[in-house]
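Undergrad: Now for the letters of each chain:
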Amino acid sequence: MTADVEVLGVSHRFGEVAALRDVTLSIGAGRFAVLLGPSGCGKTTLLSVIGGFLFPSAGRVRIAGRDVTGLPAARRPTTTVFQDYALFPHMRLGANVAFGLRMRRVPRAEREARAEAMLRLVGLEGMAAKMPHELSGGQRQRVALARALAVEPEVLLLDEPLGALDLKLRRQMQDELKAIQRRVGTTFVHVTHDQEEAMAIADEIVVMNAGRVMDQGPPERVYLRPRSRFSAAFMGEANFVPVRLRREGDGIAILGPFGTHPLPAERLADPAATGGRAELAFRPEHVNLGDAPPGTLDLGEGTVRDIAFSGSHRRARIALDALDGGEIVAYLPQAMEVSATARLRLHLDPARAILLPAEDGESRCGG
Amino acid sequence: MRRLADGLALGYVVAVYAFIYLPVAVLVLFSFQESRLPIPPFDGPSLRWYAAVFADRRLTDALANSLLVALLSSALAALLGFLAAYGLARYRLPASGLQRALLTAPLSVSYLIIGLGLLIMFSRLGVPRSLLTVGIGHTVINLPLCFAITYSQMGAHQENVERAARDLGAREWQVMLLVTAPMLLPAILAGFLLSVTFSWDEFIIAFLLSRFDVTLPVEIWSLLRSGLNPRNNAVGSVVFLFSFALVLVMELLLFRRGRRR
Ligand SMILES: Nc1ncnc2c1ncn2[C@@H]1O[C@H](COP(=O)(O)OP(=O)(O)OP(=O)(O)O)[C@@H](O)[C@H]1O
Ligand SMILES: [Mg+2]
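As they're listed, the protein sequences go chains A and B. Going by numbering that gives the first Met the number 0, 307 is the number at position 308 of the first sequence; the sequence numbering is gapless. Going by numbering that gives the first Met the number 0, 115 is the number at position 116 of the second sequence; the sequence numbering is gapless.
Okay, chain A solo, but in the shape it has when bound (with noise of 0.2 Å):
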């Protein structure tokens, strides 16, 4: 009913395009697992050697402690959603969901039973009569879901299942995925480019670029804690400053345009980047207003450039003296009114602050 999966040292090209590099990652039993990053990253073609509609050049993939690279997806303890759903257009949703369980010889009555309760899971009761062409996405979609949940799957991989939906429905498709998830317990491998609804279901994020995994973890840790540039700046807003370490007794101490400040070690995403140069990453809603009080970061006075209302809080762009006008993001509080053009002090917490190796020549998807 459900296992874990294992990816290890996974190359593939398409010709000329490295479409995989190298990428290693551990998915626990029974997880929510959401692969999120950039188009053309490499997300989908992970999930299809995951699925095994794909060979990959090097490396290995393990299900439930046993190897399954050179098996074809018939024969793995997976099941896909589609992006584009690939519901079977000539046949009923019942024949549909129950064409899995039908290819394993059960016999009609039984499979007519299970594919009823599979459209009740989703919420389709009493649908089984309907035709493909009869139903809206988001229908499409539940039923692309019960299809592929009723071969009770190990592992169920979805490409980007809430992509053609609104934003309405996709939220409530998202809880309502979490929740069938939950329910029937299997490992589910979801693929988005969309940040938020990767915090909203996930149990655990792997943050891809370029066909590398740039960060694995628990959604919180993955935003708050991100190992590597790239993923602080695609999971939501970050400002980065350039700065120096230095070690200081059990600690480190940074040194940059605010000044020296001492951090706790555990701070710094790579500690084999100490003594070097680093990068100091702070999220917009991080910045606190006011004189600095001991213990926190002094950012100085900055300008206002730019401020916009964006309901929960105003967005505002803010030249900092300290970086000689370089521009930083900070969310103000809701119902502050400020002025462009307005002075502000800043500061923050330094539990907040991120420390990221600094990065060079960084490789960037193409969009």
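Don't read these hints as lab results, they were simulated from the structure. Fair warning: there could be bad hints in the mix.
Stated by the list, open to error - With the C-beta cut set under 10 Å, the calculated list includes, among others, these residues of chain A facing chain B:
1) G50
2) T77
3) F87
4) R91
5) L100
6) M102
7) P106
8) R107
9) V150
10) A350
Bear in mind the structure is a predicted one, so any value in this text is a computation, not a measurement. For glycine and all other residues, C-beta sits at the position ideal for the given N, C-alpha and C.
Start from chain A and add chain B with the ligands according to the hints.
TA: For chain B with the ligands alone, coordinates are given in the frame of chain A:
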């Protein structure tokens, strides 16, 4: 000015349709003639010539032969066309571009050449001329059409649907039989029905490759040598009616359906 242009356009349209359909209309009209000559004045309507057609064993045999050849050769052409399209669309085959070209090329070769070629080949091989050789000839001319129509409908979406079937445990033959063929049924049927209409009134190949048992067009041709006769009009009308019915079926079955999607 405007009036004149409209009038001219209307006249042109009427002339075009008259040119296309008047001969057929006259043929059908005089098949209902009462007297012995299919020329004006019209003195019908009468069904006596239709009765004569269906009382003539040679004509009814030829009609049955035509039906048999049309249905079987078209079914074979549709099947082979589907298999070729599936193979070329889904597998990486050597020189697939060339193979596609070779498969469709017969569309542009004249029936006379194909018929002569087959005639020479069959006589070399010692295969006697019969309905079987006619059927083979019709399969040869209709296969390219069935292939081209089916192949054009095999898109990436269908491929994903096939992948889904494989993912759910279907074997290759199950994918083809339960998923690909039903999905492409409109295209396969269109190829089949077009093939039937082409085979139904095909003359040259049927003439060259048949001997004792002949198809209806060949029988009509030998009737025509005996001169004008309302009975010939009646046979011609039967041939026309059948083709027309096929086109109607195609329209209702395939094109209507396509529009609804
Ligand atoms: N069949 C193929 N032949 C050649 N190149 C391919 C093929 N499939 C994918 N690629 C290339 O491999 C890279 C990764 O593609 P992939 O489809 O895995 O991206 P993705 O992350 O799923 O993108 P998206 O979010 O747009 O679906 C891309 O550069 C793409 O152009
Ligand atoms: Mg993709």
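Undergrad: Against chain B, run the beta carbon of R107 (chain A) and see if the smallest gap drops under 10 Å.
TA: violated (15 Å)
Undergrad: Checking hints one by one. Is L100 (chain A) an interface residue toward chain B, by the C-beta closer than 10 Å rule?
TA: holds (9 Å)
Undergrad: Double-check R91 (chain A) for me: the hint is only fine if its C-beta lies closer than 10 Å to a C-beta in chain B.
TA: violated (12 Å)
Undergrad: Could you check if F87 (chain A) really has its C-beta closer than 10 Å to a C-beta on chain B?
TA: holds (6 Å)
Undergrad: Against chain B, with CB atoms and a cut of 10 Å, does the hint on G50 (chain A) hold up?
TA: holds (7 Å)
Undergrad: Is the hint on M102 (chain A) kept, meaning its closest Cβ partner in chain B is under 10 Å away?
TA: Since the shortest Cβ distance to chain B is 4 Å, the answer is holds.
Undergrad: P106 (chain A) was flagged as interface toward chain B. Is the shortest Cβ-Cβ separation under 10 Å?
TA: At about 16 Å, which exceeds the 10 Å cut-off, the nearest Cβ of chain B leaves the hint on P106 (chain A) violated.
Undergrad: With a cut-off of 10 Å on the beta carbons, see whether V150 (chain A) makes it to chain B.
TA: Constraint on V150 (chain A) satisfied, holds at 6 Å.
Undergrad: Does A350 (chain A) meet its interface restraint, that is, does its C-beta lie within less than 10 Å of any C-beta in chain B?
TA: violated (47 Å)
Undergrad: Less than 10 Å between beta-carbons is the criterion; does T77 (chain A) satisfy it with respect to chain B?
TA: holds (8 Å)
The structure is inconsistent with the numbered hints 4, 7, 8, 10, although it conforms to all the rest.
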